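Asker: Letter by letter, the chains look like this.
Number of protein chains: 2
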Amino acid sequence: MQTVQVQAPSHSYDIVIGKNILNDFNLFAPHIGKKAAIVTNTTVAQWYLQPLVKLLQNNGIDAFSIILPDGEQHKNHESLNHIYDSLLANHADRKTTLIALGGGVIGDTVGYAAATYQRGVPLIQIPTTLLSQVDSSVGGKTAINHPRGKNMIGAFYQPKLVLADLNTLATLPEREFSAGMAEVIKYALLGDVAFLAWLEQHIAAIMQKDHTLLAQMIAHCCQMKADIVAQDETEQGIRAHLNLGHTFGHAIEAQMGYGNWLHGEAVAAGMVMAAELSQQLGYIGSDEIERVKNIIRAAHLPDTPPKFSEEEWLAHMRHDKKVDEGKMRFITLKNLGAAQIETLPDVNVLKNVLSKFTA
Amino acid sequence: MQTVQVQAPSHSYDIVIGKNILNDFNLFAPHIGKKAAIVTNTTVAQWYLQPLVKLLQNNGIDAFSIILPDGEQHKNHESLNHIYDSLLANHADRKTTLIALGGGVIGDTVGYAAATYQRGVPLIQIPTTLLSQVDSSVGGKTAINHPRGKNMIGAFYQPKLVLADLNTLATLPEREFSAGMAEVIKYALLGDVAFLAWLEQHIAAIMQKDHTLLAQMIAHCCQMKADIVAQDETEQGIRAHLNLGHTFGHAIEAQMGYGNWLHGEAVAAGMVMAAELSQQLGYIGSDEIERVKNIIRAAHLPDTPPKFSEEEWLAHMRHDKKVDEGKMRFITLKNLGAAQIETLPDVNVLKNVLSKFTA
Ligand SMILES: NC(=O)c1ccc[n+]([C@@H]2O[C@H](COP(=O)([O-])OP(=O)(O)OC[C@H]3O[C@@H](n4cnc5c(N)ncnc54)[C@H](O)[C@@H]3O)[C@@H](O)[C@H]2O)c1
Ligand SMILES: NC(=O)c1ccc[n+]([C@@H]2O[C@H](COP(=O)([O-])OP(=O)(O)OC[C@H]3O[C@@H](n4cnc5c(N)ncnc54)[C@H](O)[C@@H]3O)[C@@H](O)[C@H]2O)c1
Ligand SMILES: [Zn+2]
Ligand SMILES: [Zn+2]
Numbered sequence: 001m002q003t004v005q006v007q008a009p010s011h012s013y014d015i016v017i018g019k020n021i022l023n024d025f026n027l028f029a030p031h032i033g034k035k036a037a038i039v040t041n042t043t044v045a046q047w048y049l050q051p052l053v054k055l056l057q058n059n060g061i062d063a064f065s066i067i068l069p070d071g072e073q074h075k076n077h078e079s080l081n082h083i084y085d086s087l088l089a090n091h092a093d094r095k096t097t098l099i100a101l102g103g104g105v106i107g108d109t110v111g112y113a114a115a116t117y118q119r120g121v122p123l124i125q126i127p128t129t130l131l132s133q134v135d136s137s138v139g140g141k142t143a144i145n146h147p148r149g150k151n152m153i154g155a156f157y158q159p160k161l162v163l164a165d166l167n168t169l170a171t172l173p174e175r176e177f178s179a180g181m182a183e184v185i186k187y188a189l190l191g192d193v194a195f196l197a198w199l200e201q202h203i204a205a206i207m208q209k210d211h212t213l214l215a216q217m218i219a220h221c222c223q224m225k226a227d228i229v230a231q232d233e234t235e236q237g238i239r240a241h242l243n244l245g246h247t248f249g250h251a252i253e254a255q256m257g258y259g260n261w262l263h264g265e266a267v268a269a270g271m272v273m274a275a276e277l278s279q280q281l282g283y284i285g286s287d288e289i290e291r292v293k294n295i296i297r298a299a300h301l302p303d304t305p306p307k308f309s310e311e312e313w314l315a316h317m318r319h320d321k322k323v324d325e326g327k328m329r330f331i332t333l334k335n336l337g338a339a340q341i342e343t344l345p346d347v348n349v350l351k352n353v354l355s356k357f358t359a
Numbered sequence: 001m002q003t004v005q006v007q008a009p010s011h012s013y014d015i016v017i018g019k020n021i022l023n024d025f026n027l028f029a030p031h032i033g034k035k036a037a038i039v040t041n042t043t044v045a046q047w048y049l050q051p052l053v054k055l056l057q058n059n060g061i062d063a064f065s066i067i068l069p070d071g072e073q074h075k076n077h078e079s080l081n082h083i084y085d086s087l088l089a090n091h092a093d094r095k096t097t098l099i100a101l102g103g104g105v106i107g108d109t110v111g112y113a114a115a116t117y118q119r120g121v122p123l124i125q126i127p128t129t130l131l132s133q134v135d136s137s138v139g140g141k142t143a144i145n146h147p148r149g150k151n152m153i154g155a156f157y158q159p160k161l162v163l164a165d166l167n168t169l170a171t172l173p174e175r176e177f178s179a180g181m182a183e184v185i186k187y188a189l190l191g192d193v194a195f196l197a198w199l200e201q202h203i204a205a206i207m208q209k210d211h212t213l214l215a216q217m218i219a220h221c222c223q224m225k226a227d228i229v230a231q232d233e234t235e236q237g238i239r240a241h242l243n244l245g246h247t248f249g250h251a252i253e254a255q256m257g258y259g260n261w262l263h264g265e266a267v268a269a270g271m272v273m274a275a276e277l278s279q280q281l282g283y284i285g286s287d288e289i290e291r292v293k294n295i296i297r298a299a300h301l302p303d304t305p306p307k308f309s310e311e312e313w314l315a316h317m318r319h320d321k322k323v324d325e326g327k328m329r330f331i332t333l334k335n336l337g338a339a340q341i342e343t344l345p346d347v348n349v350l351k352n353v354l355s356k357f358t359a
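The listed protein sequences correspond, in order, to chains A and B. Count the first sequence with the UniProt record's numbering and you get residues 1 to 359, in order. Count the second sequence with the UniProt record's numbering and you get residues 1 to 359, in order.
Since the hints were made in silico from the structure, they are not lab data. Be aware that a few hints might be false.
Since the list gives no way to pick out one identical chain from another, each pair is judged satisfied if it fits inside one copy or across any two copies.
Said to hold, decoys possible - Calculated pairs, DSS-like style, for lysine-lysine (alpha carbon to alpha carbon, straight line, at most 25 Å):
no., residue 1, residue 2
1, 209, 35
2, 327, 95
3, 19, 150
4, 334, 351
5, 356, 150
6, 293, 95
7, 293, 54
8, 54, 307
9, 19, 160
10, 334, 141
11, 54, 34
The model shown is predicted, which means the values in this text are computed figures rather than measured ones.
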């Protein structure tokens, strides 16, 4: 079992990572009220809901469950209202604990419900995808989508506790596991070359879900994200490094139609493109590019994007939030393990990179 | 012009109180982005919207307006969505400033929209009722109603600036002005007997809307609320004093049908009842009761509740949030200017008080 302590502005809390921790009521006890609502989706419910309901009920908690449909398209206002209605029907008050049991979609939606129900109720996050364990459950961002845009409505809200149980990864589809690995690799590339070397050494065993290595890896990623977030609550500076590969990645997701490429897959190819851009700018060489591609391939992720026209690429990138007032800002790699925010001197540097990935 | 500085957990900000301050762009300048959405209602818009739009536009701000229907029944999810939709249609981003121009209904709704649009955008509060100037614009509570309960969905969110322009009170119906005075009297009774004496001395001129006295009075109330909130962010302790008269008041509002008695009117009668309860408990005498009734009458507020049956009274009070796990908690007056939280020893003390107001 590994524990990462996160220092949030309002309070500090633990991320506990390990095997069988969802059976251990002692972990819940200090953070749970007399009444608790477990919110999950139809997929995750199959394996993990009943054991958790029983654990809590056996320990005297008045636990009830709320089951949402599965999918990003349900990270919306209807699911939110469904949660509010169930909470009210079950007489949930300000001390009722909300438990988010699922991947990032559940985590974001339930986190937002917890932030806003009666101006905020206690929240426990139980991330069950690799992506949510290493990324979305850290940092306090919660949100739902609006028909006009992803994550448009949301709040910053910190949980009382995060429990990442490695057992849950056993049922996770391989493709989803790999998608989570893209964010893991991102942490290495943006800020920790020693961690990159560690990943390179252990990637085969990690892909086999070696529990000891997984626990170390997840804890390391949570620690890195927590440190970055703590340094930059307002999202003006270093937190932007977390977007490494994401400007290109978002273009891929949008052009392919959302859901066809998983977010992590698009980010993986996007990181290769960010590396190529860094090479264009003279920061890294082809050896470094190869290292980036190798670790991405070893995680069963795409090391190259689909081919689009230059127009298609640029159209999506102009819409990206990081393209600030006409100036194109990218996260580039000064070196492996050393990301920086960069405003491109002119669009030709970018076009040179895109030409390699143009139909 | 009076200024009260409020120390919120996230940042500190000013409440500026005075005449003609809505014409002074210098007050806005440090706190407003390039783009601003002014949200108001159809009533307030008549007098105060166009001048503000012009002021901002003349100073180079890309200002647009969002007009909601008037009334507590519109402090809901539909109004919220209307705001979100207009913000998105106008390409509002994270730097767009939301300006709440209106009473507490507008302040609460727009405050909540600002808290949640893109996880939070800058907010300026322009309270235009006395109640919102002395109460709802201080403390960072924002909320909308849910069909199952008032203020059920909300967030804590602090503005960058509050501008309370005394000129706006000229158009406020007398009944609404008096309702605001109930909260003013509440501050005096719960925590400041010198302020009570000052009110007694000046009440006639205040009811005539003497601007100098109003500015002093509003600043004093904002300062008192800000101090109480700062001492007790989690609402476990002294902040409960702000509920003086409210347990009885809520019962009156509910039994009369919401909207028939204004909140402030119900609180005024509720404070008389709280004073009677304090007398029953041996804290204050009939001279103090008379002082309470006199200041309430001088503010053109009811000093006695409608008559209900004991059953009706108790039914509403059992639903009150402050009736915690069967124990009835009330805010009582140890003395004028000295409120305390009290768990009633038994229900008979309460029934004795109710018997005076029973049909
Ligand atoms: N809040 C943040 O900081 C942040 C950061 C990154 C991503 N996100 C959000 O996270 C979401 C993506 O999260 P995700 O990748 O976890 O997607 P997801 O929640 O949709 O989960 C992916 C799929 O795996 C299923 N699943 C979850 N756990 C499982 C398990 N243990 N076994 C079998 N199946 C399981 C889910 O039901 C779903 O079908 C996006 O909405 C994104 O916006 C948020
Ligand atoms: N957030 C908090 O801490 C807090 C505290 C107390 C009350 N509240 C909330 O505040 C709301 C009540 O606020 P309110 O009493 O200001 O009610 P309100 O906003 O409904 O205003 C009362 C009436 O006066 C009109 N009005 C507003 N300004 C005017 C002006 N200058 N001239 C003429 N008419 C004007 C309004 O359109 C409305 O018809 C409730 O929803 C309550 O829950 C919130
Ligand atoms: Zn990502
Ligand atoms: Zn009140």
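Asker: Now, for every hint given, state plainly whether the structure supports it.
Answerer: Against the structure, the hints:
no. : hint      : in the structure
1   : 209 / 35  : neither (35 Å within a copy, 50 Å between copies)
2   : 327 / 95  : between (47 Å within a copy, 17 Å between copies)
3   : 19 / 150  : neither (33 Å within a copy, 43 Å between copies)
4   : 334 / 351 : within (20 Å within a copy, 75 Å between copies)
5   : 356 / 150 : neither (29 Å within a copy, 58 Å between copies)
6   : 293 / 95  : neither (48 Å within a copy, 37 Å between copies)
7   : 293 / 54  : neither (45 Å within a copy, 56 Å between copies)
8   : 54 / 307  : neither (50 Å within a copy, 49 Å between copies)
9   : 19 / 160  : within (20 Å within a copy, 46 Å between copies)
10  : 334 / 141 : neither (28 Å within a copy, 45 Å between copies)
11  : 54 / 34   : within (14 Å within a copy, 54 Å between copies)
When each numbered hint is compared with the structure, violations occur for hints 1, 3, 5, 6, 7, 8 and 10.
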